[in-house]
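Asks: Sequences are here, hints too, so could you generate the full structure?
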Amino acid sequence: MSLAHDARVAVRPAAMAQRPARAWPEVNNPAAWIVVVLLLIMPLIASGFFLIEIFATTLILGIMALSLMFLAGYGGMVSLMQLTIAGFSAYMVAVFGISGNANISLGWPWWLAVPMALALATAFGTLGGALAVRTEGIYTIMITLAIGAAFYYFTNQNWAIFNGHTGINNVATPHFWGVNWRADIPFYYVVLAVAALCYFAVEYLSRAPFGLALQGVRDNPRRMAALGFNVNAHRIAAYAFASFVAALAGVLQVWNYRQISPGSVSVGACIDVLIIAVVGGITRPIGPFIGALIFVLLRTFALDFLVRLGLDGNRFRLLIGLGFLAIVFWSSDGVIGLWQRWRQSQRPRNDRQGGGRGHG
Amino acid sequence: MDSVAQRLSAVGAGAALELRGVTRLFGALAALTDVTITVRPGERRAVLGSNGAGKTTLFNCITGDFPPSSGTIRFFGEDVTHFPPYERIRRGLRRTYQISALFPGLTVQDNVYLACRGVSRGRFSFLRPGQNDALMHAADNLVQAVHLSAVKDQRVAELAHGQQRQLEIALALAGAPRFVLFDEPAAGLSPTERAELIDILTSLPAHIGYIIIEHDMDVALRVVESVTMMHNGRVFKEGLPEEIQSDPEVQELYLGGGHE
Chain V
91 MSLAHDARVA
101 VRPAAMAQRP
111 ARAWPEVNNP
121 AAWIVVVLLL
131 IMPLIASGFF
141 LIEIFATTLI
151 LGIMALSLMF
161 LAGYGGMVSL
171 MQLTIAGFSA
181 YMVAVFGISG
191 NANISLGWPW
201 WLAVPMALAL
211 ATAFGTLGGA
221 LAVRTEGIYT
231 IMITLAIGAA
241 FYYFTNQNWA
251 IFNGHTGINN
261 VATPHFWGVN
271 WRADIPFYYV
281 VLAVAALCYF
291 AVEYLSRAPF
301 GLALQGVRDN
311 PRRMAALGFN
321 VNAHRIAAYA
331 FASFVAALAG
341 VLQVWNYRQI
351 SPGSVSVGAC
361 IDVLIIAVVG
371 GITRPIGPFI
381 GALIFVLLRT
391 FALDFLVRLG
401 LDGNRFRLLI
411 GLGFLAIVFW
421 SSDGVIGLWQ
431 RWRQSQRPRN
441 DRQGGGRGHG
Chain L
772 MDSVAQRLSA
782 VGAGAALELR
792 GVTRLFGALA
802 ALTDVTITVR
812 PGERRAVLGS
822 NGAGKTTLFN
832 CITGDFPPSS
842 GTIRFFGEDV
852 THFPPYERIR
862 RGLRRTYQIS
872 ALFPGLTVQD
882 NVYLACRGVS
892 RGRFSFLRPG
902 QNDALMHAAD
912 NLVQAVHLSA
922 VKDQRVAELA
932 HGQQRQLEIA
942 LALAGAPRFV
952 LFDEPAAGLS
962 PTERAELIDI
972 LTSLPAHIGY
982 IIIEHDMDVA
992 LRVVESVTMM
1002 HNGRVFKEGL
1012 PEEIQSDPEV
1022 QELYLGGGHE
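One line per chain: the protein sequences are V and L, in this order. Numbering-wise, my numbering puts 247 at position 157 of the first sequence, and it's gapless, one number per residue. Numbering-wise, my numbering puts 908 at position 137 of the second sequence, and it's gapless, one number per residue.
These aren't lab readings, by the way, just hints derived from the structure by calculation. A few of these clues could be false.
What the hints assert, rightly or not - Not the full set, but computed from the structure, chain L residues with beta-carbon under 10 Å of chain V:
id	residue
1	Y857
2	I860
3	R866
4	G876
5	N882
6	S896
Said to hold, decoys possible - With beta-carbon atoms standing in for the labels, derived distance ranges:
id	chain 1	residue 1	chain 2	residue 2	range
7	L	G901	V	V418	37 to 43 Å
8	L	F895	V	F139	40 to 46 Å
9	V	S435	L	H918	30 to 36 Å
10	V	A330	L	H853	26 to 32 Å
Unchecked claim - Rough simulated footprint, nothing fancy, chain V against chain L, three-plus residues with beta-carbon under 8 Å:
id	segment
11	868-874
12	883-893
13	897-911
Note that beta-carbon positions come from the ideal geometry of N, C-alpha and C, so glycine has one too.
Replies: Below is the structure:
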């Protein structure tokens, strides 16, 4: 054990001299470039159904799960209210903007309603975070789940703003420069641009002082305080950032479905975001998008598949649940963890890296 | 209340660290009772005592990890009794932990960089450090000072125990420390590593004072000029290393009567 360790220490310095951890890992990865090109030319390949129902939906769910990945993977804080923040943002777009429910919506143009929704949802998530950071581990999960459940029941019962269980329908989507931005192809590119922005922001931030300090807080909050960091302020700032990311996803979500109702912010949906993030892997920002793709594919096609096998189509959640169990059982960092391990087993022995990033 | 007057009167006192009647209770158990200690700037002192004597609790009270139940703590004249830990650290206090308290998911370099960042501005910066980042250079120098340059891009979880202890010290020396609390820095080190540790401690700039908790008398008495002996949460004896070593009461309590 210690001999192998020493050998590796001796081999590595030359290879590590250019500090690969600090560079963008994607730039030299041909597979990443193929994915980028594929995503960019997707409207040429895919039909409108695939473009929106599969890829845009995947990216939107991926952004929500990315906000959870940022908190859980870098900050060690499992927040179950990320979907609630997105839902809050979606409701605010509907309430401040234009919708079929003229008695509720204020009729602001989208370029006023969206910043308002983002600001309010970020404030909402930051406040929730300020409550949650006073707790650790399972209590963080409980308090954020409680916020999510409270919001769900509140939207169900409040008619003045949230229009009760019917929700707000026919939400207007942006039209400008002569483009209907909710038409399939423009909307796909809007979603792709926002998803790319969020992905690279999280990736970039992970190596910036704020992100590094957040990982320090994850690994050892007490020591962070003994290094001069205000740990709770750091955690709350992380919630603020993650809330903004989730709020962006919420805006896209309400434009996607053109309506928002309590069903979209149910407790089950909150947990779906957790499943997506965990299945994909919460150690790297690509994980949530992979998880979201698996989730959306299963949700869309498992029904037909199960029916063809002569089973009840509504059992697609059983498939998701079994997949979730299998992945959590075999790999603590999701599909990307499995992938990384497979890649390492393909490499010559002395070239191995340290494996996936540990998390708490 | 009259904190301005208190601060002004205390500035003249000139002590680096001044504890007055510090008591720390855990429920009914008094881990520290009425501890009064004054340490000059630049002074190097050992705290000795058997297990449960209250040495680490003393450190936790000084850094604010656990606030004292009563008593006052002044750091360079300023009353820091009710300050959170990070405010004390930003004023030049540092500490190491008995059981290494590092960031296993990050590299050695990032660990030290965080320590440098913690005592300077830009803790919340969204911008990655550039090629000529001053703090990155400071971190490089610290990594070199504790002989960890060869492993600086390795994750801390992969380091050997001795290397982790060295990193533990590097984290406490980031920025401009004025006073350091070393909690058993030699724990689990080999004789060679102990020699290196003594080297690091004796080569610290003269203005940096410290308190060291150390069971190994060979290490402790070679790097300090004064000794505080603790027993059952109280200060039992204070004096020069020779005095403490030759004190019959101390010998009976600690140096001789070890195993039960």
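Asks: Would you check whether L:R866 satisfies its interface hint, that is, whether its CB is within less than 10 Å of any CB in chain V?
Replies: holds (6 Å)
Asks: Does the closest beta carbon of chain V sit nearer than 10 Å to the beta carbon of L:G876?
Replies: This hint holds: L:G876 lies near chain V, its Cβ roughly 5 Å from the closest one there, short of 10 Å.
Asks: Using the C-beta atoms of V:S435 and L:H918, is the stated range 30 to 36 Å upheld?
Replies: With Cβ atoms ~34 Å apart, the hint holds.
Asks: Does the Cβ-Cβ separation between L:F895 and V:F139 fall within 40 to 46 Å?
Replies: holds (43 Å)
Asks: Report holds or violated for the interface hint on L:I860, using the least CB-CB distance to chain V and a cut-off of 10 Å.
Replies: holds (4 Å)
Asks: Are there three or more residues in the segment 883-893 of chain L whose C-beta lies closer than 8 Å to some C-beta of chain V?
Replies: holds (count 7)
Asks: Given a hint of 26 to 32 Å, does the C-beta separation of V:A330 and L:H853 actually sit inside it?
Replies: holds (27 Å)
Asks: For the hint on L:N882, just tell me whether its beta-carbon gets within less than 10 Å of chain V.
Replies: With a minimum Cβ separation of about 8 Å from chain V (threshold 10 Å), the hint on L:N882 holds.
Asks: Per the CB criterion, is L:S896 less than 10 Å away from chain V?
Replies: Where the cut-off is 10 Å and the nearest Cβ of chain V is about 4 Å from L:S896, the hint holds.
Asks: Grab the minimum C-beta distance from L:Y857 to chain V and call the hint holds if it beats 10 Å, violated otherwise.
Replies: Hint on L:Y857: holds, closest Cβ of chain V at ~5 Å, below 10 Å.
Asks: Look at the Cβ atoms of L:G901 and V:V418 and judge whether their distance stays inside 37 to 43 Å.
Replies: 40 Å Cβ-Cβ, so the 37 to 43 Å window holds.
Asks: Verify the coverage statement for the segment 897-911 of chain L against chain V, using a C-beta to C-beta distance below 8 Å and requiring 3 or more qualifying residues.
Replies: holds (count 4)
Taken one by one, the earlier hints all hold for this structure without exception.
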